[in-house]
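Keeping the supplied structure of chain A fixed, place chains B, C and D with the ligands upon it in accordance with the hints.
As a plain string of letters, each chain reads:
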Amino acid sequence: MTIKKFNYAKAYYLFKKIRSTEEKIIEIYESDVIKSPVHLSLGQESIAVGIALASNKKKDIVFSNYRSHAHFIAHGGDYKKMWAELFGKESGLSSGKAGSMHLGDLDINFIFTSAIVGSAISEAVGYALALKLKKLNSRVICYHGEGAMDQGTFWESLNFSALKKLPILFVCENNHLAIYSEQKKRMKTLNICKKVESFGVRSIKIEDNSTKNIFKYAHKALQGIGKNSQPVFLEINTYREVDHVGTNYDFELGYRKKDKQQLLKNLNELNYLKEKTKNFLQVEKKISKEISDALNYSYKSNFPKIKHIESNVTKE
Amino acid sequence: MTIKKFNYAKAYYLFKKIRSTEEKIIEIYESDVIKSPVHLSLGQESIAVGIALASNKKKDIVFSNYRSHAHFIAHGGDYKKMWAELFGKESGLSSGKAGSMHLGDLDINFIFTSAIVGSAISEAVGYALALKLKKLNSRVICYHGEGAMDQGTFWESLNFSALKKLPILFVCENNHLAIYSEQKKRMKTLNICKKVESFGVRSIKIEDNSTKNIFKYAHKALQGIGKNSQPVFLEINTYREVDHVGTNYDFELGYRKKDKQQLLKNLNELNYLKEKTKNFLQVEKKISKEISDALNYSYKSNFPKIKHIESNVTKE
Amino acid sequence: MSYADAILSATKIMLKKNKDVFVFGQGVDDPKGHYGTTLNLHKDFGNNRCFDTPICEESMTGVGIGAAIAGMSPILVHQRMDFLMLAMNQIVNMASKIHYISDGKLCVPLVIRACIGRSWGQGAQHSQSLLSVFAHIPGLKVIAPTTPYDVKGTLITAIEDKNPVIFIEHRMLYKNQGLVPEGYYKIEFGKSRILSKGSDITIVGMSFTVVDCINAKKLLLEKSLKAEVIDLLSIQPLDINKIVISVKKTKRLIIVENDWINCGISAEIISRLVEKYKIKFEVKRIGYLFTPCPTTAPLEKSFYPSPEKIATLSYEMITKKKNWTPKKIKTKEIEEFKGPF
Amino acid sequence: MSYADAILSATKIMLKKNKDVFVFGQGVDDPKGHYGTTLNLHKDFGNNRCFDTPICEESMTGVGIGAAIAGMSPILVHQRMDFLMLAMNQIVNMASKIHYISDGKLCVPLVIRACIGRSWGQGAQHSQSLLSVFAHIPGLKVIAPTTPYDVKGTLITAIEDKNPVIFIEHRMLYKNQGLVPEGYYKIEFGKSRILSKGSDITIVGMSFTVVDCINAKKLLLEKSLKAEVIDLLSIQPLDINKIVISVKKTKRLIIVENDWINCGISAEIISRLVEKYKIKFEVKRIGYLFTPCPTTAPLEKSFYPSPEKIATLSYEMITKKKNWTPKKIKTKEIEEFKGPF
Ligand SMILES: Cc1ncc(C[n+]2csc(CCOP(=O)(O)OP(=O)(O)O)c2C)c(N)n1
Ligand SMILES: Cc1ncc(C[n+]2csc(CCOP(=O)(O)OP(=O)(O)O)c2C)c(N)n1
Ligand SMILES: [Mg+2]
Ligand SMILES: [Mg+2]
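Keeping their order, the protein sequence lines are chains A, B, C and D. Be aware that the first sequence starts at 0, since it is given in numbering that gives the first Met the number 0, and climbs by one per residue. Be aware that the second sequence starts at 0, since it is given in numbering that gives the first Met the number 0, and climbs by one per residue. Be aware that the third sequence starts at 0, since it is given in numbering that gives the first Met the number 0, and climbs by one per residue. Be aware that the fourth sequence starts at 0, since it is given in numbering that gives the first Met the number 0, and climbs by one per residue.
Extracted from the complex, chain A is given alone in its bound form (with noise of 0.2 Å):
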């Protein structure tokens, strides 16, 4: 078991990534490159990089859903493919079949996510029964939204969980909102660590949006999850800066109040990483070129032949 120390450079690198993938897909969106729905993880960044570092790319396996972007990045997904995904070509992760909504990428344990609410988490916990079974030393990230807590099956999977004592963290980050739908509107106790720990699974709360906090603290779990072969759940606090779907803001809906704070809170964030990175010039060069060589090998693609269309529904 070694302590991993925080990587800067590589938090900055991952977090502004992520936040230029985001604005190049707004960027060329009204073109319609992307026929697709997409569900930006602006303002999310932090969760996903500082999840990502502290767990080990190799053998980690990770489930994510709909609103992964931040996710696959981070975790460090095939970056052309995904863009070529999104663009619905030959050369993308699933010849285009999947699209935003499902990216995937065996090569990092990437699973292709859904689209339904919370119902890869219970594949999440069989994949950590697997793991368990097999003896693997791996352990399974799974990345979900509050509201995917709202449905029965979360709370049926967390028992489970427990019971057979499986190796997964899960990751519930919490931007208090399902499309439009306030948590306190759905929820009647807003204490959701207390309700995770009533079944018996260790819980933490990180307050804010500090990527090495939440470094940090999913570092420890994830030992923890490893020697113990124990359940943590993660709640973290964050904020959905656009729309739930698509690229713009929507603020002006009405529903709720833009929150200049907690937009800079983010920003800061971005500002701390790269202040407290060297060469963050080099890297914000290397982010620029690796989009522009993405856009290059998504448009140059070709889009997948019709008759690919029947391909792949069952396995011979």
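Check each hint, because a few of them may be wrong.
Computed spacing ranges between beta-carbons, pair by pair [claimed, not checked]:
hint, chain 1, residue 1, chain 2, residue 2, range
1, A, Lys-4, D, Gly-189, 55 to 63 Å
2, B, Lys-134, C, Lys-15, 13 to 21 Å
3, A, Ser-30, C, Gln-176, 24 to 32 Å
4, B, Asp-207, C, Gly-189, 22 to 30 Å
5, B, Ser-30, D, Ile-328, 21 to 29 Å
6, D, Leu-178, B, Lys-256, 37 to 45 Å
7, C, Gly-189, A, Ser-310, 35 to 43 Å
8, A, Lys-226, B, Tyr-254, 32 to 40 Å
Derived from the structure by calculation, the hints contain no laboratory data. Heads up, the beta-carbon is just placed ideally off N, CA and C, and yes, glycines get one too.
Chains B, C and D with the ligands only, in chain A's frame:
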């Protein structure tokens, strides 16, 4: 709001009637007049009796499950029609279409029960919602096993009942078994009340099968529910005497040991109620007569006409 | 009035008419009001008559059933048909059986509105139709209106019906305009609608494929072929008679299923025709390709039935020739749709 | 060997052969071992290879899918088909689509065993079949074996299949005896089985109705009529060819659906015959009455298809006469069954 006094004679009458009914079922089951599975309540009588005595027969609504003989009798459902329903006769509660697993009697607001574990809980909550929307000051009583709390729908329903402040009393009959599966094989944490509390619902645990105790807590809870329109949850420890389904003991299966103390406890409770009942002989006579009348009625009744099979699939 | 507005209008009328009606579901009181179909109902009628729910389809369906048993007339709204898979226990094991189990003493006047998604990369989990799955279950009614006029009239009927009704809308229809009376009117279940008369072939559509059928009919006119187009409208109960009469005349039938074909409603129609009626006729089914729905545009397009496919097949069935490629027709609902959902 | 023992045998063989196979589900390790089909597996193979679960079908299905994705071969056992309604989201939205969404990179080798209940007052919620609901969904395989020999061979195939398989057993078949090889063997999916040759009529059964069909065939012999009986066995993929060949010969077809008929697999069979093959034939469907299943014995009995109904209808179709009432035949599986489940 009137304070009800616990009526020993009534309690004895109901307890004894439930027990005698189940015993009569056991007696005649071999003859195959009841061509259908039965889930007996032996050992769990005090719960139904205590709750029913505390409830308002005219106004309260009762939801139960496939193990509902005790509830049905305690709440005063039509006894003859119940027997005729077990016999599958035209004169039964549902002309025989329902049988033991789906008893119901709208004269006492006893909703036809479901045999899918946990599936009526959200319906009970929905009924409570209707009561609230209609500004009726009735309350819903929702009986369920601890096994139903394995289902996510329990937690979804509980949350919703708290969120909307609904007039519902959850009564968890914790016999620590789901068929042959012990509670601890299915749940990581056995402190059910703590979980329920964390969801924002007041909960009370009743450790033993004292009918009077159950009555007292239920009475208070029901009054509170009426006044504050808030759900309350009761967990009542209990013991299933016979097999999950059918009419035999199941100790020889080896998955559990006969708990003589538990068996005795229940009989002691019955005897205690008897001692407190001056005219217990009369009560017993009354019960005997009710049983023989109901059996006569059921034996004599006809089976439904075949063409009745196609009626009441949809309502005109 | 648009299809979405027609739904809103029906709902408002019923909320006014009957104090036991209420609307609930995820986002029904949000600023978009489920594509406008529930917009501001919570403001007009209060939070007790239109309210948001947690994300838990199984239990919210149970809540609807429970309230319906208690004498209310709830309308439960789902953003996608796919999400009903979480509520199948309540729909199949409970709602459809309660009337029967109680031998008529209870009933479940619950309307479950479900929206079929399509186009612009909805992907495999936001595009399912599953009409026939519900039609398979006794005790349910299944309605899939296509026009603004029908969606309003059938929704009012659904709300007043004493049974659970699966009310199937289609995302691509919400903006469509049509003549819709302002007030209260009902459209009987179990009746299809003949949208155009013709004698060369009968083309039956349902939900969005009706639009394709109408477009196909237009294409066929180019070849002077006259298609009789039927909008199925009521999936269960099924109006087999209109189809029988039409096919007796045309001797040719294409059913365009807004769903996968296998064990679908089109198979049911064919079987009833063959089993009972001694008509000689030729028949073909068109529907979703038997794959999950792909996200990328070109594959997505070929996943669905199209006016061209229908017209070409019709032409071949009628003329026994393969020498015509109809011109491309623009399905405005699809091509103008730029998401997100 | 009995049908139940054949399942146990297949499971043991696969548990031995492949360490990634495991069995889980409510009560699989209890003293009854799911009608004997999982009896003592936890003792023989340990608690990691056969274990009980909480009562939460949705999530346990997800757990099975997750483990399958991770390379295991889980077998999830359900006491009743009806309970699968709680897992429809996982089956329809997840299991059936993961291979496609990942464009072949993931697969879901999960076997979901489900038992259809019947008889002695199972009632509306413990008697559903719902075969065709699963057949409607691309990405699933659906198998419904009738004989001990087939149940063993197809279960082994199912466990080795890389796709989600809905493996449908029937409560009334568990005790039936048949010749079953001791060792490992596989039976290919997509093949039906001709159980008896005949030229007067083709009778297709599936799951328990095959027993009815065989009994009907015996009744028909009394009138010297020879029925060709086909056990469908594989519901999806469907073996339409065997039926085509048979119907070309007999020109008459009865399909006895072990389910409600509306939008069922029998409709699919008829539609394929009519759409593609230019055979002239007469056809009838028999299935569950289109009502929930009643509990009381006399109604329950008339709810189901029976050898007498099949034989009578066959006779009428063949002879065009209505002058025969077959003698009553005892369906021992049903009449000897005294519950509880
Ligand atoms: C079963 C289901 N119900 C409803 C939806 C519609 N829906 C999509 S995202 C979403 C909100 C989920 O909120 P949360 O889990 O907090 O994740 P977030 O979007 O905030 O990241 C909803 C309700 C869905 N996709 N699946
Ligand atoms: C959804 C569902 N899954 C499984 C079953 C099978 N089953 C019937 S009763 C039962 C046990 C339920 O236990 P509990 O809720 O504690 O009630 P009890 O029988 O102890 O009164 C189970 C698993 C079922 N009927 N429904
Ligand atoms: Mg959220
Ligand atoms: Mg119990």
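Hints, verified against the model:
{"no.": "1", "hint": "A:Lys-4 <-> D:Gly-189: 55 to 63 Å", "result": "holds (57 Å)"}
{"no.": "2", "hint": "B:Lys-134 <-> C:Lys-15: 13 to 21 Å", "result": "holds (19 Å)"}
{"no.": "3", "hint": "A:Ser-30 <-> C:Gln-176: 24 to 32 Å", "result": "holds (29 Å)"}
{"no.": "4", "hint": "B:Asp-207 <-> C:Gly-189: 22 to 30 Å", "result": "violated (57 Å)"}
{"no.": "5", "hint": "B:Ser-30 <-> D:Ile-328: 21 to 29 Å", "result": "holds (26 Å)"}
{"no.": "6", "hint": "D:Leu-178 <-> B:Lys-256: 37 to 45 Å", "result": "holds (42 Å)"}
{"no.": "7", "hint": "C:Gly-189 <-> A:Ser-310: 35 to 43 Å", "result": "holds (41 Å)"}
{"no.": "8", "hint": "A:Lys-226 <-> B:Tyr-254: 32 to 40 Å", "result": "holds (34 Å)"}
Hint 4 from the earlier list is the only one contradicted by this structure; the remaining hints agree with it.
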